[in-house]
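*Asks:* Protein sequence lines, in the order shown, are assigned to chains A and B.
Using our numbering, count along the first sequence one by one with no gaps and you end on 132.
Using our numbering, count along the second sequence one by one with no gaps and you end on 62.
It should be emphasised that the hints constitute simulated quantities derived from the structure, not laboratory data.
Take the hints with a grain of salt, since some may be wrong.
To be verified - Pairwise CB distance ranges, derived in the manner of DEER restraints:
| hint | chain 1 | residue 1 | chain 2 | residue 2 | range |
| --- | --- | --- | --- | --- | --- |
| 1 | B | T15 | A | G107 | 42 to 50 Å |
| 2 | A | R97 | B | K35 | 43 to 51 Å |
| 3 | A | Y81 | B | S41 | 45 to 53 Å |
Even glycine gets a Cβ: it sits at the ideal position worked out from N, Cα and C.
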Amino acid sequence: MKRSIIIAVLAVLVTATIVVWMLNSEGSISGKAIGMGSIQLVVLAFAALVVYRRWTAAKNKLPAEDEMSKSILRRGAATSYYVSMYMWLAFMFFEERIDLERSTMIGAGILGMAIIYALSWIYHMYIRRSHD
Amino acid sequence: MTNRLKELRARHDLTQSDLAQKVGVRRETIVFLEKGKYNPSLKLAYDIAQVFGMKIEEVFVF
Chain A
1 MKRSIIIAVL
11 AVLVTATIVV
21 WMLNSEGSIS
31 GKAIGMGSIQ
41 LVVLAFAALV
51 VYRRWTAAKN
61 KLPAEDEMSK
71 SILRRGAATS
81 YYVSMYMWLA
91 FMFFEERIDL
101 ERSTMIGAGI
111 LGMAIIYALS
121 WIYHMYIRRS
131 HD
Chain B
1 MTNRLKELRA
11 RHDLTQSDLA
21 QKVGVRRETI
31 VFLEKGKYNP
41 SLKLAYDIAQ
51 VFGMKIEEVF
61 VF
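With the rest of the complex left out, here is chain A (with noise of 0.2 Å):
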């Protein structure tokens, strides 16, 4: 239930990140803003889950972590590794052909990688189905 919290209270602090963020850049948010912004959302939207996961777990007095999602997370967390080498190694790859800056890039790279946790998560969970 602690950890819920935690994730609450994360999950709206970025919430109000974005939106003190959107009333500053007074309606001139470029594409590539747009792009970023609805990354976070995807990120907030996989916390959301998690916390209504783990509040209706503990309202039917359930753990909220039990062997399986352990190992969900374990297989999640190893795929997402996995995956997140090659967006880096393509981040690389493409340097010098975008235009942008290196802050910009690890950014995007972070926020690539939290996605790339949250569909590996995803896949585990509700796609492959099989966690011997």
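Take the given structure of chain A and dock chain B to it, following the hints.
*Replies:* Relative to the frame of chain A, chain B by itself:
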């Protein structure tokens, strides 16, 4: 590996949530076990067998 979880659950009049609560796992884990999509740890297999008052090999068939 197959198992008789569904049959034993029905015989003991237990819902998936009841069994999950008794062995300390999420309901999803019981769902996955019943569908044969997840192989439990030795401890979980033992706990489940204890709930039904049986041996592990009587619940889980290798």
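*Asks:* Against each hint, give a clear statement of whether it holds in the structure.
*Replies:* These are the hints, each one checked on the structure:
1. About 47 Å separates the C-beta atoms of B:T15 and A:G107, a value consistent with the hinted range of 42 to 50 Å.
2. Between A:R97 and B:K35 the Cβ separation comes to about 47 Å, which falls inside the hinted range of 43 to 51 Å.
3. For A:Y81 paired with B:S41, a C-beta distance near 24 Å fails the hint of 45 to 53 Å.
Consistency note: the structure conflicts with earlier hint 3 alone.
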